Each structure stands twice: as structure tokens, then as C-alpha cells.
Amino acid sequence: AQSVTQLDSQVPVFEEAPVELRCNYSSSVSVYLFWYVQYPNQGLQLLLKYLSGSTLVKGINGFEAEFNKSQTSFHLRKPSVHISDTAEYFCAVSENKLSFGAGTTVTVRA
Amino acid sequence: ETGVTQTPRHLVMGMTNKKSLKCEQHLGHNAMYWYKQSAKKPLELMFVYNFKEQTENNSVPSRFSPECPNSSHLFLHLHTLQPEDSALYLCASSQAETGGNTGELFFGEGSRLTVL
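Residue numbers (my numbering), protein chains in the order written: chain Y, 1 to 110; chain V, 1001 to 1116.
These are calculated hints, taken from the structure and not from any lab test. Since this is a predicted model, take the numbers as computed values, not measurements. The beta carbon of each residue, even a glycine, is placed where N, CA and C say it ideally should be. Take these hints with a grain of salt, some might be off.
[What the hints assert, rightly or not] Here are the computed lysine-lysine pairs in the DSS-like style, where the Cα-Cα straight-line distance is at most 25 Å: (1) Y:Lys97 to V:Lys1041; (2) Y:Lys97 to V:Lys1022; (3) Y:Lys49 to Y:Lys69.
[To be verified] Over the 12 Å line for every Cβ pair with chain V, so calculated as not near, a few chain Y residues: (4) Pro12; (5) Glu16; (6) Ser84; (7) Gly101.
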């Protein structure tokens, strides 16, 4: 069975600073990996996904994530955040059905 | 504009009312989902429909009644709800659950439900 653990529930960060959101998963087979973002009062939008190929995946809004099979991780990074990146971020894993982590709330302060 | 549209965006209802949430997808997908998102809790999968057939009911109380008349439309009928049912209800769609599906979901913006 698959599961997802997001290691940080809240991440405060200053504007223009880098941010990393950690995600670990467990699965007995090959998986697909996703990061979704939810801005206040909105639904979830796909930030990026890993299906196969290069382990470094680039997404929208300057985000990227690296798939590390040996560590079963898929951490999300952005080198310089903006106020508008304040949102909740969800890591998800799929063998063919999606399982979500509990989410990480990112608050960007000026 | 999102490929998945939910109406209404906001709904306030009393415990004795009957109301419905509607979801429509324009992506040609064959699987549709209802999720419940409560404050400070993980996303909870409620129902899954694959080619109009319900394939998952995640122990949801009977006061929530889903309906999927075709692959593009999904409803959630609500009656005799409790205050703890207040939440954001998210609809999503995807390629069919079988046959090479990656699991990627496309979400609507949600219906914020308040039960008084």
C-alpha cells in the first residue's frame, strides 16, 4: 500500500528566501509523484509531476522537485519565494490511484 | 478557466434542508471524484465514479448521496446534514481509473458548505 508523509505542517519564510518542502512516500512498486498547490479559497492546482525520466522536475511558478528513489523522497524547492506563494502545498503519490499527504502551509512574509 | 466547474461556490443550509452540489468537467475524462476538505485535516476521498459507475464509497454517511448521470457531470445531494459537515467539497476528474492512468487529478475550485 502507498502512503505519503509531509514532514512539515507549517513553513514560514521571508520573501525572496529559498524554501524546501519535504515529502517522503512508501510504496512497493514504481509510482508517479505530484505536487499540488491550493491558494486561499481555491481548489488544488497541479504544480509539477514526475512520471518517468529525469529525476529533476520543473513546474510552474519557478518550483522544482527532485525524485530520489533510494530515499523515497520528492522534495519541492523554490530558490526565491514571493508573497503570492503563500498557500497550502500537497504532495501526492499514485500507483494508479492518488494518495495525498496532509499538506504544508507556506506563509511568506515581507 | 478551469476544466472542472463546481456550483455553487458557497452554500449555507440548515440541518433540515435539502440541497445539491454540482460538478461538470470539460476534459473528456471518465472518472470523477468527490473530496471533503475540513480545516486542519487531510483531504478525505468520499466517492469515485468510473464510467458512471460508483467504484468507491469511503464509508460516507447516507446523508450524502452522489449521482453521476454521465461522465461529464457529478452531483452530491445533501440532506439532514450536521454542523460538522461544514467543509470545502472538492470535485475532481481524471482519465479512467484503469488502463494506464497516472492518477493525476484535475480539481474544481470547490463548494464551501456551511451547515447551521
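So, going through the hints one by one against the coordinates:
1. Y:Lys97 to V:Lys1041: With Cα atoms ~20 Å apart, Lys97 of chain Y and Lys1041 of chain V stay inside 25 Å; holds.
2. Y:Lys97 to V:Lys1022: holds (23 Å)
3. Y:Lys49 to Y:Lys69: holds (15 Å)
4. Pro12: Holds, since 17 Å exceeds 12 Å.
5. Glu16: holds (29 Å)
6. Ser84: The claim stands: Ser84 of chain Y keeps its Cβ more than 12 Å from every Cβ of chain V (closest is about 17 Å).
7. Gly101: violated (7 Å)
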